[in-house]
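Peer 1: Take a look at the letters that make up each chain.
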Amino acid sequence: DVKVTQSSRYLVKRTGEKVFLECVQDMDHENMFWYRQDPGLGLRLIYFSYDVKMKEKGDIPEGYSVSREKKERFSLILESASTNQTSMYLCASSTRRGGLETQYFGPGTRLLVL
Amino acid sequence: AQSVTQLGSHVSVSEGALVLLRCNYSSSVPPYLFWYVQYPNQGLQLLLKYTSAATLVKGINGFEAEFKKSETSFHLTKPSAHMSDAAEYFCAVSDRYYGGSQGNLIFGKGTKLSVKP
Numbered sequence: 001d002v003k004v005t006q007s008s009r010y011l012v013k014r015t016g017e018k019v020f021l022e023c024v025q026d027m028d029h030e031n032m033f034w035y036r037q038d039p040g041l042g043l044r045l046i047y048f049s050y051d052v053k054m055k056e057k058g059d060i061p062e063g064y065s066v067s068r069e070k071k072e073r074f075s076l077i078l079e080s081a082s083t084n085q086t087s088m089y090l091c092a093s094s095t096r097r098g099g100l101e102t103q104y105f106g107p108g109t110r111l112l113v114l
Numbered sequence: 001a002q003s004v005t006q007l008g009s010h011v012s013v014s015e016g017a018l019v020l021l022r023c024n025y026s027s028s029v030p031p032y033l034f035w036y037v038q039y040p041n042q043g044l045q046l047l048l049k050y051t052s053a054a055t056l057v058k059g060i061n062g063f064e065a066e067f068k069k070s071e072t073s074f075h076l077t078k079p080s081a082h083m084s085d086a087a088e089y090f091c092a093v094s095d096r097y098y099g100g101s102q103g104n105l106i107f108g109k110g111t112k113l114s115v116k117p
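First to last, the sequence lines map onto chains B and P.
Sequential numbering of the first sequence, starting at 1, is according to my numbering.
Sequential numbering of the second sequence, starting at 1, is according to my numbering.
In isolation and in its complexed conformation, chain P is listed as follows (with noise of 0.2 Å):
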């Protein structure tokens, strides 16, 4: 069965650091893939997806991924964190290849995020 794994249940960046949260897929075809975040108390809020239209995928906030076929990973990356990046985020696939249900989302367990000062 498909699957996303995330390394790490908590990354701590200083401020002004790169953040990197890493997302790894398993998958014989390309899938659809997704990061979204979740800041406390609120929903799930897309930051970016992948289409592959591009391996180099540009979200929301000066978020980036970038989708590496040979290493089924989907890394999630940010040259400087900001104390606001600090939240959950959750790498996820479409099922959609797999012969599955229209597009259902497949989670990975989410990282936490944490940005010091």
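Just chain B, with the same shape it has in the complex (with noise of 0.2 Å):
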């Protein structure tokens, strides 16, 4: 089974603090990437990554960053947090091999920013 991890399933964090957010996959996927949810929005994409060392913006990335050293590893980054950035993180990986790139998601970060 593909198994996602997340750092943490809750972090409570202060305004303009760095934080980061830790997505580990052990199934060797080299797609990667990086959601938040909120109530009434569904899933929007922040960041992606096809490769190591590679990154994507995805569909609000503003106030965010990535960091993909290694294959299983990706990171979301938020060097300054502010309050409209509390929300739930999904990470989620998949692999090209095979055709079909379904999506394996972590547990999710819920994230509050005081």
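Among the clues, some could well be false.
Claimed, not checked - Calculated pairs, PhoX-like style, for lysine-lysine (alpha carbon to alpha carbon, straight line, at most 25 Å):
(1) B:Lys70 to B:Lys57
(2) P:Lys109 to B:Lys57
(3) B:Lys18 to B:Lys57
(4) B:Lys53 to B:Lys3
(5) P:Lys68 to P:Lys109
(6) P:Lys49 to B:Lys3
(7) P:Lys58 to B:Lys3
(8) P:Lys112 to P:Lys49
(9) B:Lys53 to B:Lys70
Unchecked claim - On the chain B side, residues computed to face chain P include the following (Cβ under 7 Å):
(10) Gly63
(11) Ser67
(12) Gly106
None of these hints come from the bench; they were simulated from the model.
Ideal placement from N, C-alpha and C gives every residue a C-beta, glycine not left out.
Work from the hints to combine the two standalone chains into their complex.
Peer 2: Next comes the structure, spelled out in structure tokens:
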């Protein structure tokens, strides 16, 4: 089974802090994704990566950056956290092998910025 | 731009009743389509996916979905709801056929399913 883990389930930070959210997958997937989920808005793509050291902006990259130094790990960074970044953050991974790239999700990190 | 519309942000059914969650997509070619389920305080879990092999797709937990090209729909159904089906359900389309970036998913806004005893 694919396993995608996220470093924290719940996180409380203060405005202006630098925040790191870590995601690790154990299935040698090439693709990794970061989404945020807000009530009534569904999932919105922040950043994605198709290979080590690669990154692409998604639909809402402002205020975020990412790092992919190793294939299994994809980090989301909030350079200076703001209250409007309070949200649920979901990481996902997928593989291009076999054609259809089903995304597998981690359990999510619920971030509260005070 | 491609999009996914889920009709109804909340659906409530009685235990044992039919579950019908609606999803429509915008596309001029058949896309790849997915349904995911999210239980409270958890990540998303794949329920089923359409890959053009068959229009009726069976998934886990007794769910199925039918791809209807003429209606650009991919509605999710289950004949008899169970209390454990209470969750949020997301329909998604892959942008692979739109010249998008190798299979990004575009999600609908989700439908919360409540099941009454």
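Peer 1: Would you mind confirming whether the straight-line C-alpha gap from Lys68 of chain P to Lys109 of chain P stays at or under 25 Å?
Peer 2: Distance ~21 Å between Lys68 of chain P and Lys109 of chain P Cα, so the pair holds.
Peer 1: Verify the interface restraint on Gly106 of chain B: the C-beta must sit less than 7 Å from at least one C-beta of chain P.
Peer 2: holds (5 Å)
Peer 1: Tell me if the straight-line CA distance from Lys53 of chain B to Lys3 of chain B falls inside 25 Å.
Peer 2: holds (21 Å)
Peer 1: The hint names Gly63 of chain B as touching chain P; please verify it with the least Cβ-Cβ distance against 7 Å.
Peer 2: violated (20 Å)
Peer 1: Quick one, are Lys70 of chain B and Lys57 of chain B close enough, alpha carbons at most 25 Å?
Peer 2: Distance ~19 Å between Lys70 of chain B and Lys57 of chain B Cα, so the pair holds.
Peer 1: Regarding the pair Lys53 of chain B and Lys70 of chain B, is the alpha-carbon distance no greater than 25 Å?
Peer 2: Distance ~8 Å between Lys53 of chain B and Lys70 of chain B Cα, so the pair holds.
Peer 1: Does Lys49 of chain P lie within 25 Å of Lys112 of chain P when you go C-alpha to C-alpha?
Peer 2: holds (19 Å)
Peer 1: Would you settle whether the hint for Ser67 of chain B is holds or violated, based on the nearest Cβ-Cβ distance to chain P being less than 7 Å?
Peer 2: With a minimum Cβ separation of about 19 Å from chain P (threshold 7 Å), the hint on Ser67 of chain B is violated.
Peer 1: Within a Cα-Cα threshold of 25 Å, do Lys58 of chain P and Lys3 of chain B meet the stated pairing?
Peer 2: holds (23 Å)
Peer 1: Could you grab the alpha-carbon distance between Lys49 of chain P and Lys3 of chain B and see if it respects the 25 Å cut-off?
Peer 2: holds (19 Å)
Peer 1: Does the alpha-carbon distance linking Lys18 of chain B and Lys57 of chain B stay inside the 25 Å limit?
Peer 2: holds (20 Å)
Peer 1: Keeping to a limit of 25 Å between CA atoms, is the pair of Lys109 of chain P and Lys57 of chain B held or broken?
Peer 2: holds (21 Å)
Violated hints, in rising order: 10 and 11; the structure is consistent with all others.
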